[in-house]
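Sequence order for the protein chains is A and B.
Be aware that the first sequence starts at 1, since it is given in the UniProt record's numbering, and climbs by one per residue.
Be aware that the second sequence starts at 1, since it is given in the UniProt record's numbering, and climbs by one per residue.
Please keep in mind that the hints were generated in silico from the structure rather than gathered at the bench.
All figures in this text were calculated on a predicted structure; none of them were measured in a lab.
Check each hint, because a few of them may be wrong.
Said to hold, decoys possible - Coverage of chain A stretches by chain B, computed from C-beta distances (three or more under 8 Å per stretch; other residues unrestricted): (1) 60-67; (2) 81-91; (3) 110-120.
Quick reminder that beta carbons are idealized off the backbone N, C-alpha and C, glycines included.
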Amino acid sequence: MSSSTAGKRLLKEYKALSSDPPEGILAGPCDEDNLFVWEALIEGPKGTPFENGVFPAELRFPKDYPLAPPKMKFTVDMWHPNVYSDGTVCISILHAPGDDPMQYEKASERWSPIQSVEKILISVMSMLAEPNDESPANVDAARQWREDRKGYEKRVRDMVRKSLGL
Amino acid sequence: MDTLPDSTDWLTTSLPHFSALEAALRCEVCKEFYQNPVITPCSHTFCSLCVRRCISADGKCPACKKGCQADRLVGNFAVREVVGRFVEGRERALEVARGVGREEGRKRKRSVEGGDDEGVYGEEKAVKRTRSQAGRTRAVEKPIEVLDSEDDEVEEVEELPEGTTRCPICQMVMKPEEVWPHLDKSCKGAQESDRRTTRSRTNPTIQSPFTLNSPRRPSHTTPTPPPQRLPGLNYALLRDTALKKKLQDLGLPSHGRRDQLIKRHTEWLHLWNSNCDASDESRKTKRELLRDLDTWERTQGPGARDSDASVMRKDYDAQAHVETHKGQFADLIAAARKARGAKSTAGNDTTSAQTEDGKEAVEKSHTTQTTQQDSSSRPYEDNERAIDTVRQKVRATNLTGEIQPPSSAPTSSLPNPHTNADREEPVDQGMANPFSSPSRKLPMFALPEEPVVDVEQSAGMP
Ligand SMILES: [Zn+2]
Ligand SMILES: [Zn+2]
Ligand SMILES: [Zn+2]
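Turn these sequences into a full structure, and let the hints guide you.
Set out below in structure tokens:
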């Protein structure tokens, strides 16, 4: 039997996500022996340059989950103001309350043990649609998004096409 | 049980609304049914242990982030009662709601209850049933169901001195031959004053004096006064030796680095004090708490290694998961590719429309913008409706903490080797039907249905 509180909770979340998946989101542990690393797939939101894209990501959970949030990293190339060039996602829900390097996030938006994988993934989906300009993780993408929207959107669409092998 | 019980079990039944009901009876931190629920000064309810751990991590209520102190928590007895009753009836209710296994369910019930008018569970008859009938039946069925599982556990953890037993009524430890005289003269009766919630453990038809030879006792109740809460320590003022002494005095391991000692002591306070919030009949023994501490230490504590953070295979059929999951992923990718391919020929979809005159669309939308956000930083107002679903979902999820019903599932079933081709190849272990329908291809969880109260129930069991 699973002996860890975190493991039990992850199992519960996994089951809920499988039996009642939110639109455009799939997620679950990617290895049979380790519940603490998940793979997720997020569909690009419609009406955005990410539309029709499917973006795989990896979630790594700490052993004291849900006290601390997981880390999330896209495993494909991403061009987005809030995603570091190595794929690491930087949004407030993934930041623990005490951990606010940018000093801009409202405490209510940050990680709390009542948040969940599903809420993270939905937030990330909505982040794809609406970048947060205040906390660029990718400064170049943020600048392009701000100053050359068309170029930004084209670059994203090219990325999507490439990722689908088209 | 071949699945892990959770609130989504109701979604596919005739009572999908019970999903939300059940979710409301589960702790938002651990997703289990509330165990020893307590309410915060900000009126949020959690398992006592869960909220104590949260508070010690950041001093805040996990739901609303208001400052919160552990000594302000008080038991939420009504929730405890509701959860207990719900859990008792859950399995049967699910059977009825699924409309399957009605016959089996009836048979099993009858064998447990020694022949009862269980026929009333038929749909039409159930409606006609009167309140008093329902009450009577409930009164008959509940003690046995609950008692059985908990008794098993008692047997496992109880240690009585050799040649002694407990008075079946007041739990006092004594020699078997002393019990009858004791019952005649000095037995003070049940300890708890709120017998209403004690699930008739003292019901003489269940635990009669005639079972005296059995080491069983009818409840967890420890024949000691209710435990005292332990105060926190100001670790900064304690030298290592003093800290070790404190741990030893509590009967806890005292090895490890200073930070490990502090974490261990802190967790012990959580375990101990949350156990003080338990009902008399669900309160754990110190031995059980020590076992919980050991589990914590191995899985989450400072001494935990990564390998311990994994779960054993029998927890769930992960192979099946990997298979089905890859299938789902492939489906999603395939659907996306198809859609993408279609788009590139269509050319009049929103995406390309936006490409051509995205800027203008933004300008135009300034006038129609209804949200209060600074629209200049919002490029997608013209697609407001498209992303509205997402936003609504986020909002709803944040408001209710509830999972929103699915709007659709991936449709295409084309297998696709693309995404996961370079990841580990699934080893064929003879999994039955890995590519069945996406909505119902859950892996076979092997966890048994969890007991009402024991979050760390598996502790120490290899
Ligand atoms: Zn809890
Ligand atoms: Zn609160
Ligand atoms: Zn009262």
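Verification of the hints:
Residues of the region 60-67 of chain A with a Cβ under 8 Å from some Cβ of chain B number 4, which satisfies the need for three, so the listed coverage holds. For the region 81-91 of chain A, the stated coverage by chain B is violated: 0 residues have a C-beta nearer than 8 Å to a C-beta of that chain, whereas at least 3 were required. With 5 residues having a Cβ less than 8 Å from any Cβ of chain B, the region 110-120 of chain A passes the three-residue criterion, so the hint holds.
In this structure, the one hint that does not hold is number 2.
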